[in-house]
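Participant: So the chains spell out like this:
2 protein chains.
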Amino acid sequence: MAKVDTSLVAHLPLFAGFKAEDLEEILREARSARYPKNSAIFEQGADAHAFFLLLHGHVRAAKTTPTGEQIVVRYVAPGETFGIAMAIGLAQYPATATAVDDSVVLIWPTAAWPRLVERFPSLASSTLLTVGSRLQESHTRILEMSTQQVEQRVAHALLRLAKQSGKKLDHGIEIDFPISRQDIAQMTGTTLHTVSRILSGWESQGLVESGRQRIILRDPHKIVILAERNPDSGPA
Amino acid sequence: MAKVDTSLVAHLPLFAGFKAEDLEEILREARSARYPKNSAIFEQGADAHAFFLLLHGHVRAAKTTPTGEQIVVRYVAPGETFGIAMAIGLAQYPATATAVDDSVVLIWPTAAWPRLVERFPSLASSTLLTVGSRLQESHTRILEMSTQQVEQRVAHALLRLAKQSGKKLDHGIEIDFPISRQDIAQMTGTTLHTVSRILSGWESQGLVESGRQRIILRDPHKIVILAERNPDSGPA
DNA sequence: CCCATAGTTTGCGATAGCGCAAAACGGGCC
DNA sequence: GGCCCGTTTTGCGCTATCGCAAACTATGGG
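Residue numbers (UniProt numbering), protein chains in the order written: chain A, 1 to 236; chain B, 1 to 236.
These are computed hints drawn from the structure, not numbers from a lab.
Possibly wrong hints are sitting among the right ones.
What the hints assert, rightly or not - Some but not every residue of chain A turned toward chain B, in silico, with C-beta under 7 Å:
1. L12
2. A62
3. I71
4. V73
5. A77
6. S126
7. L128
8. L129
9. V131
10. L143
11. M145
12. S146
13. V150
14. Q152
Stated by the list, open to error - Now the in silico label distances, taken between C-beta atoms and shown as ranges:
15. B:P114 - A:L116: 36 to 46 Å
16. A:S7 - B:D5: 32 to 42 Å
17. A:T194 - B:S7: 53 to 63 Å
18. B:H171 - A:A46: 25 to 35 Å
Said to hold, decoys possible - If you want the ones that stay clear, here's a sample from chain B, every Cβ over 10 Å from chain A, calculated:
19. E69
20. V117
21. P121
22. L128
23. V131
24. R141
25. I142
Backbone N, C-alpha and C define an ideal beta-carbon position, used for all residues, glycine too.
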């Protein structure tokens, strides 16, 4: 059980207001682990034996239907928790988590949660805040899927990814982990073909520059406009 | 400030494990109010000055886009909380709540929440459970919108409503509050026209019986089959 | 009892986006 | 340096579903 440096996590909202010694007590229950690119962290349906905090890398959470279709629930960025199934009353993971890049995580055994919450009640409140904001995002996504067309949804998805995990370049923003057309399709409820067509279109207008699992927003502002444009307002 | 009878709420999961006197202490901070059918309880964007527990009736939570389109986030059944924006870190309500039937609610001022949580930490944990299960439902909804066609989504929506608020009849299940084609469209990401066509079709097959803001599932089992059927499996 | 209103049904194009298929491409591995 | 595999691109027909328009019908109020 490796010692974890508190300085790595002290600034996270999850631990806001914790004293150094409390933090240490919490971290003592965790171990850290490294997951190489494309390795599975846990599988949908498996017993939720642990919950996680991402330190480095990027993790994709995806949900699969009985018939094998997938959607991407979200991408986890460093500093975020994931796999907190048990905190919300689930005995099994509702989704599959995969490292999309070499990643480092902290792992707490599920059994530690009730103990920690009892000792540090504010953990429950902060977790409530994070879960609440994920609920918000889900509602936004439902709203978009109900009212917008595919191009706008893709625009929104890319902007969110850029905000969450964008690397600022001299001219533009690059999404900082490998992501395929298929992934974007699964985030926006469409097919990889349609995503490919949309990106090709944008590329020819100089809005983006993209290739194999790689996307750079060259003109974020114009993409914002695209994302917000009312379908039947301006001409093509 | 009317006295509220603890027996009305003691059995709710939210208050599981509370002693009678604790419960009384909590209820002392609440007042109750009655909202007539079709009246607004709070508006999207308004300051979240209170949170609510529905005692009788039914409440619709809906979200509106800047361009005026709406989706139904959920229907609230008796015993459920709603308007808990501030518990998840929001200063304004993210949706509009409307009583779809004459309704009675308990109302706590937002200011009471931090105090209550400090005094009764398990409130945060139970709220975490409810918010978590709503997150689950949202993900399910996103999955359905991404992978299923409209008819299946409508089937699922009606089955969920029937389970949550269905009144068992001699032969079938009636959804126990007024709900229009438009409402169902806004729950499933389609138009009232398409919903109407689908219900007409089902009606002629004897699966449902419906009219003005009224739906009875006459053959729930066949609807389950419809909901689960793989789009390109059986013949029409 | 009749009218006004909100909800529902239905017809008829129009079309965004899917689904299939095939080709081009790019990277990494041996 | 060449090959293999996963990813991306693109063409083309198809259809589920939308959007508009118009007729129809309960329901509650006066």
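Participant: Taking the hints in turn, state whether each one holds.
Facilitator: Here's how the hints hold up against the structure:
Because the closest C-beta pair between L12 of chain A and chain B is about 15 Å apart, greater than 7 Å, the hint is violated. Look at A62 of chain A: its Cβ only gets to about 10 Å from chain B, farther than 7 Å, so that hint breaks. About 5 Å separates the beta-carbon of I71 of chain A from the nearest beta-carbon of chain B, less than 7 Å, and the hint is met. The interface hint given for V73 of chain A is met, as the beta carbon of that residue sits about 6 Å from the closest beta carbon of chain B, less than 7 Å.
Because the smallest distance between the Cβ of A77 of chain A and any Cβ of chain B comes to about 18 Å, over 7 Å, the interface hint for this residue is violated. Given hint, S126 of chain A at the interface with chain B, is violated; its Cβ is 9 Å from that chain's nearest Cβ, farther than 7 Å. This hint holds: L128 of chain A has a C-beta 5 Å from the nearest C-beta of chain B, less than the 7 Å allowed. Because the beta carbon of L129 of chain A sits about 5 Å from the nearest beta carbon in chain B, less than 7 Å, this interface hint is met.
Below 7 Å, beta-carbon pairs count as interface contacts, and V131 of chain A has one with chain B at about 5 Å; its hint therefore holds. Against a cut-off of 7 Å between C-beta atoms, the interface hint on L143 of chain A holds, since the closest Cβ of chain B lies about 5 Å away. Look at M145 of chain A: its Cβ gets to within about 5 Å of chain B, closer than 7 Å, so that hint holds up. For S146 of chain A, the interface hint holds, the least distance from its beta-carbon to any beta-carbon of chain B being 4 Å, beneath 7 Å.
At about 12 Å, the closest approach between the beta carbon of V150 of chain A and any beta carbon in chain B exceeds 7 Å, and the interface hint on this residue is violated. With a least beta-carbon distance of about 11 Å to chain B, the hint placing Q152 of chain A at the interface is violated under the 7 Å criterion. Hint check: P114 of chain B to L116 of chain A, Cβ distance near 21 Å, so the stated range 36 to 46 Å is violated. Checked against the hint of 32 to 42 Å, the pair S7 of chain A and D5 of chain B fails, with Cβ atoms roughly 52 Å apart.
A hinted range of 53 to 63 Å for the beta carbons of T194 of chain A and S7 of chain B is consistent with their spacing of about 56 Å. At roughly 42 Å, the beta carbons of H171 of chain B and A46 of chain A sit outside the given window of 25 to 35 Å. Against chain A, the non-interface label of E69 of chain B is violated: not every CB pair exceeds 10 Å, the least being about 5 Å. Listed as outside the interface, V117 of chain B is inconsistent with that label: its C-beta sits roughly 6 Å from the nearest C-beta of chain A, within the 10 Å cut-off.
For P121 of chain B, the requirement that its beta carbon stay farther than 10 Å from each beta carbon of chain A is not met, with the minimum near 4 Å. Taking the minimum C-beta to C-beta distance to chain A, about 5 Å, the non-interface status of L128 of chain B is violated against the 10 Å cut. Interface exclusion of V131 of chain B from chain A breaks down, the closest Cβ pair being 5 Å apart, not more than 10 Å. The claim that R141 of chain B lies off the interface is violated: its Cβ sits roughly 6 Å from the closest Cβ of chain A, which falls inside the 10 Å cut-off.
For I142 of chain B, the non-interface assignment is contradicted: its Cβ lies about 6 Å from the closest Cβ of chain A, within the 10 Å cut-off.
The earlier numbered hints that this structure contradicts are 1, 2, 5, 6, 13, 14, 15, 16, 18, 19, 20, 21, 22, 23, 24 and 25.
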